[in-house]
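What follows is each chain in one-letter form.
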Amino acid sequence: MGNFKKLLLIAVLSSAALTSPHTMAWAGTSADAVMRQAIKHLRVPTEQSRIKMILVNRRGQKRTRIVSISSSTTKGHDRSVARFNYPGGIRGTALVSHEGRDGKDTQWLFMPVLGRTRRIATTQMGDSFMGSELAYEDIKTLRVEDWSYKMLRKERFSKRPCWVIESRPVAGHDTSYGKTETWIDVELSVALKTMFFDKEMRPLKVVVSQGIEQVATGIWRARRHTFISLRTKKKTVMDYEKIVINAPLEESIFDQRRLAQWR
Amino acid sequence: MRFRDIAHLPTRYPKWVLFAIAAITVSLASGLPRLKTVVDVDEDSLPKADQRVKDFLAVKDVFGALKPVTVVLDAGEGRSVFSPQQLTTIRDLSEKLGRQADLVPHDVTSLTEVSDVTFTDGSLDSRDVVGFPLEAGDPAKIYAQMLEHPLWPGRLFDDKKRYTILTANVATDASLDRLYDDLQQLLKAVEAPAEAIATGADVLPVALTRAIDHDMQIFVPLALLFVIVGFFLSFRTAGGVLLPLAVTVLTMVWLLGFMGLVGATLNPVTTVLPPTLIALGSSYGIHFMNRYYRLTMPAGGKGLAYETLRQVARPLVVAGATTALGMATLIVFEIEMVRSFGLLMALGIVFVVVLTLTFIPAVLSLRGSQDVCQHARACDKRPSFLPALLAHLGAACQRRARLVIVLTLLLSALGLVFCFRLEVGVDLVRYFPPEHAQRRANDLVSEKLGGAASATLMLEVDPKIFPHGARNPDFMAKLLLLGERLRRVPGVGHVRSLADVTYHIHRRIQRELAKDEGAAPKRVAPSSSKEIDQLLLLYSMGAGIQAIDDLEDSTRRYAAVSVALVGWDAVAHRRIFAAARRVCDDVFPRGAKLTIGGDAVLLLAFDHYIVKGKLINIALTVLVVFLLCGLVYRSRRYGLLSLVPVAFATVATFGLMSMLGYRLTLATVVIASIGIGVGIDFAVHFLDHFREQLGAGEELGASINATMTGIGPAVVYDASSNVLGFSPLVFSGMVPIQHFGWLISFCMIFSALATLVILPAALHLIGRQRLAFGKARTVASTTTSEVLTHG
Numbered sequence: 342m343g344n345f346k347k348l349l350l351i352a353v354l355s356s357a358a359l360t361s362p363h364t365m366a367w368a369g370t371s372a373d374a375v376m377r378q379a380i381k382h383l384r385v386p387t388e389q390s391r392i393k394m395i396l397v398n399r400r401g402q403k404r405t406r407i408v409s410i411s412s413s414t415t416k417g418h419d420r421s422v423a424r425f426n427y428p429g430g431i432r433g434t435a436l437v438s439h440e441g442r443d444g445k446d447t448q449w450l451f452m453p454v455l456g457r458t459r460r461i462a463t464t465q466m467g468d469s470f471m472g473s474e475l476a477y478e479d480i481k482t483l484r485v486e487d488w489s490y491k492m493l494r495k496e497r498f499s500k501r502p503c504w505v506i507e508s509r510p511v512a513g514h515d516t517s518y519g520k521t522e523t524w525i526d527v528e529l530s531v532a533l534k535t536m537f538f539d540k541e542m543r544p545l546k547v548v549v550s551q552g553i554e555q556v557a558t559g560i561w562r563a564r565r566h567t568f569i570s571l572r573t574k575k576k577t578v579m580d581y582e583k584i585v586i587n588a589p590l591e592e593s594i595f596d597q598r599r600l601a602q603w604r
Numbered sequence: 032m033r034f035r036d037i038a039h040l041p042t043r044y045p046k047w048v049l050f051a052i053a054a055i056t057v058s059l060a061s062g063l064p065r066l067k068t069v070v071d072v073d074e075d076s077l078p079k080a081d082q083r084v085k086d087f088l089a090v091k092d093v094f095g096a097l098k099p100v101t102v103v104l105d106a107g108e109g110r111s112v113f114s115p116q117q118l119t120t121i122r123d124l125s126e127k128l129g130r131q132a133d134l135v136p137h138d139v140t141s142l143t144e145v146s147d148v149t150f151t152d153g154s155l156d157s158r159d160v161v162g163f164p165l166e167a168g169d170p171a172k173i174y175a176q177m178l179e180h181p182l183w184p185g186r187l188f189d190d191k192k193r194y195t196i197l198t199a200n201v202a203t204d205a206s207l208d209r210l211y212d213d214l215q216q217l218l219k220a221v222e223a224p225a226e227a228i229a230t231g232a233d234v235l236p237v238a239l240t241r242a243i244d245h246d247m248q249i250f251v252p253l254a255l256l257f258v259i260v261g262f263f264l265s266f267r268t269a270g271g272v273l274l275p276l277a278v279t280v281l282t283m284v285w286l287l288g289f290m291g292l293v294g295a296t297l298n299p300v301t302t303v304l305p306p307t308l309i310a311l312g313s314s315y316g317i318h319f320m321n322r323y324y325r326l327t328m329p330a331g332g333k334g335l336a337y338e339t340l341r342q343v344a345r346p347l348v349v350a351g352a353t354t355a356l357g358m359a360t361l362i363v364f365e366i367e368m369v370r371s372f373g374l375l376m377a378l379g380i381v382f383v384v385v386l387t388l389t390f391i392p393a394v395l396s397l398r399g400s401q402d403v404c405q406h407a408r409a410c411d412k413r414p415s416f417l418p419a420l421l422a423h424l425g426a427a428c429q430r431r432a433r434l435v436i437v438l439t440l441l442l443s444a445l446g447l448v449f450c451f452r453l454e455v456g457v458d459l460v461r462y463f464p465p466e467h468a469q470r471r472a473n474d475l476v477s478e479k480l481g482g483a484a485s486a487t488l489m490l491e492v493d494p495k496i497f498p499h500g501a502r503n504p505d506f507m508a509k510l511l512l513l514g515e516r517l518r519r520v521p522g523v524g525h526v527r528s529l530a531d532v533t534y535h536i537h538r539r540i541q542r543e544l545a546k547d548e549g550a551a552p553k554r555v556a557p558s559s560s561k562e563i564d565q566l567l568l569l570y571s572m573g574a575g576i577q578a579i580d581d582l583e584d585s586t587r588r589y590a591a592v593s594v595a596l597v598g599w600d601a602v603a604h605r606r607i608f609a610a611a612r613r614v615c616d617d618v619f620p621r622g623a624k625l626t627i628g629g630d631a632v633l634l635l636a637f638d639h640y641i642v643k644g645k646l647i648n649i650a651l652t653v654l655v656v657f658l659l660c661g662l663v664y665r666s667r668r669y670g671l672l673s674l675v676p677v678a679f680a681t682v683a684t685f686g687l688m689s690m691l692g693y694r695l696t697l698a699t700v701v702i703a704s705i706g707i708g709v710g711i712d713f714a715v716h717f718l719d720h721f722r723e724q725l726g727a728g729e730e731l732g733a734s735i736n737a738t739m740t741g742i743g744p745a746v747v748y749d750a751s752s753n754v755l756g757f758s759p760l761v762f763s764g765m766v767p768i769q770h771f772g773w774l775i776s777f778c779m780i781f782s783a784l785a786t787l788v789i790l791p792a793a794l795h796l797i798g799r800q801r802l803a804f805g806k807a808r809t810v811a812s813t814t815t816s817e818v819l820t821h822g
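Residue numbers (the working numbering), protein chains in the order written: chain A, 342 to 604; chain B, 32 to 822.
Treat the hints with care, since some could be wrong.
[Said to hold, decoys possible] Cut-off 25 Å, straight-line C-alpha distance, at most; resulting in silico cross-link-like pairs (SDA-like, lysine to any residue): (1) B:Lys98 to B:Val237; (2) A:Lys540 to A:Lys583; (3) B:Lys553 to A:Lys576; (4) A:Lys574 to A:Val485; (5) B:Lys127 to A:Ser517; (6) B:Lys46 to B:Tyr337; (7) B:Lys219 to B:Val251; (8) A:Lys520 to B:Asp204; (9) A:Lys576 to B:Gln577; (10) A:Lys574 to A:Val549; (11) B:Lys67 to B:Val251; (12) B:Lys127 to A:His514; (13) B:Lys127 to A:Val549; (14) B:Lys624 to B:Glu466; (15) B:Lys191 to B:Glu466; (16) A:Lys403 to B:Ser585; (17) A:Lys520 to A:Thr415; (18) A:Lys393 to B:Gln577; (19) A:Lys583 to A:Thr567; (20) A:Lys520 to B:Thr203; (21) B:Lys219 to A:Asp539; (22) A:Lys520 to B:Glu454; (23) A:Lys540 to B:Lys191; (24) A:Lys574 to B:Asp581; (25) B:Lys553 to B:Asp581; (26) A:Lys574 to B:Gln577; (27) A:Lys540 to B:Tyr337.
It is worth saying that the hints were derived from the structure and are not from the lab.
All chains, please: the whole structure from these sequences, using the hints.
Here's what the structure looks like:
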């Protein structure tokens, strides 16, 4: 299982979704600086959201899951808790994730059928996350130093002026991607589209972000992210029904021993 | 303009005719580069109204029709796939497959890519079973864990641990040619003694396409070479070789070019078009040149060419029409590939006849009589062995006419008995010879890894009987029972449903809970749909949501049972499906409606239409030949007589086919049409010549003898040329095409023999009185020809 705090971040960040309201502050600077600024703006102290995740298979059939996620960043470490609200059969299932000092995650799962909270083993990086078009790699914390960035061009996307930034992995960084290309709204500093390429530089998947809005002062988020596999034509739509930034959160909600109390 | 005027054109305006032929050739040749080879044996080739096709599409609509690539890995004699070296190889192969451009990324199922829900010291673990780096003792633990899984032993690895399979799904926009080449390249890296072979529904057609292309490179030059030899042996003149050869080549260019222009493709059926055309094209040329050389006209050139044309036009047109119509009757088949073969072949025959009656006389009109002289010199040197032999044969058949007919009837009855034992079966794998990698891979999967052919049993769940649909615990229990009972059906290999994994995870959890409480597991089955939802959520965490999508639709109204079948025998498949329906009715007397889909169902439909189409086709071909010959000769008796040789040849060929154990397949199904279509030519030429003799006032015996010596050699040359033309097919890389080559060659021999043995006997028994006719036109024309003809 993945870290839902990261899921929230990556929904915006792995696709290099940038949240700086001060576009002109970095205009003309290097793409590297742009990414550093973006990641800094993403790390908010607390964030709560309710996500409707629609998995569309290659035959167009949909499976819907609704997940409530709360996350917190304290002293640079992420913690998150995800609770499944829908479908009814899995209501009560909860997953908590703590990022350790070594950067590795520890996760616990509560599911009524399991009888008690169980610690779960770390998931493989390249696997699909919850059957979606997101790979676990996509929801790992993005480290600026793992990638090198290059400003490719300026062009319009969805009638908006965008920077197109290319990200390539630095030597030694373990990733299944050869590169990504991100269209970033020049004025809002939000990614509108990202193309993922495999090691042979063939297009792999694309994510398009829509409904960009300011959810808190200086904090911008997309209301919808649509991940489309260019190989399988499968799709994952993530609709953010609710986003609350920097509201106080009880520490106990991240306590794995209390997962069973929530129904 | 009268026919006579039209017939005059090639000899009166030879240059214009040749110019027109050249112009048409250039136009049609422009389509040659567009001709493609496509092998796609799918539901589009079958009628949509067919219930099996409807079922196939219904299942496809809900569960899709994935075409996975299967890589069979053989660790080698006495070696185990659970060794660290082989597991590393499997991991590397899995990674490479996961990154292959034409496969769905990271969607590989293999020993190193499967995950299971387990508990380690109370922690839940849904990771891959095989973790790297491997430590000492790991392979043994991995094997022990995998043995516990309900779906892996016998599917992911065999009981001797020597073989395993890796599967990956083909991407929707995949280039199958590139995928095929990449896979061959990738699998070369597997170190001996291990060996890996890729196969699957998208690999087989490419392998077949390559085999067809390879065949084409061999067939055409070899067939041409063989018929050139045949022409030379028949005529021993430049014209006797080059003119029929030119007709053959031009016909091929016209037809293949036309196919390219209209978008028709080469496939396992139409691949026999070129050699068939070469064989047939040569026949028409042989008959024309045979008559040309048998006429004497001092002036040679135009006069001789015109007279030849006048004499052969009718039998050639009649023979062409019967052959073309015989081929066109293949339109009754409801399999697209066979239909298009029939129509294209009919068109090819039209081209052959047109070119024979225009190109050859036009060229001959421009030449002097040197060719005739050359032929005469060659004939002078050549002993008249064949005509003499045929004369003896004709005489013998007349003397022993009753014996000949009785033997014919006995042999026909014997042939018919064998015909009823003829096996039918479309089996793409059996297209390859036993030593071919595709054949070996599929046989290995069938024998060792749970079966290569696949079927999907789709159950539509009635929510009134089973609330929550496929997630209902009672339904799930019955689904498990269904799977268990299906596994006991002979011929059924691997069976997979969501019930297997649901119960497996449930057992694991119950065992863990019991361990927590220090007691024995309490429940053997999940008790609520909520519990099943959670169990399957756990399953999807490791295996992915696709693993669920493949076996249950998102509305939970449909559940699938994936059934692998051992072997590709259609008869066995039919029996298995009948048994599956009985088992399903027994397990689900109500609440679930069964629909069977999958590739095996399509193959059954192909079989059905091959048999149905074949029977209608033979009946229709016989009727067309009878009507046409009866109409041309204005005699029912002659119509029936013309059928005798082809009827015997057809029964004998199918009987032989059955004796040799050859199957009626997409390739061999067209034998009857070609056999009748070509074989009828012999009878038409024979009867036409016989009637000429009879019409000229000859006695019955003399007419038969004159026909045996006059047209008999041409029949022998024609049959020999056909056999030579078809013989390259026996070198095909595809087994049914090899069978086709042998059988059609035998069919030609049977037809020729029947014409030269049965017809003389039959004519003798019928007697002159019943065979007599009085058509002034024929008598007049034959009188002219009699004057001009040798003997």
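Next item on the list: Output the numbers, in ascending order, of every earlier hint that fails for this structure.
Entry: The structure breaks hints 2, 3, 4, 7, 13, 14, 17, 22, 23, 25 and 27; every other hint is satisfied.
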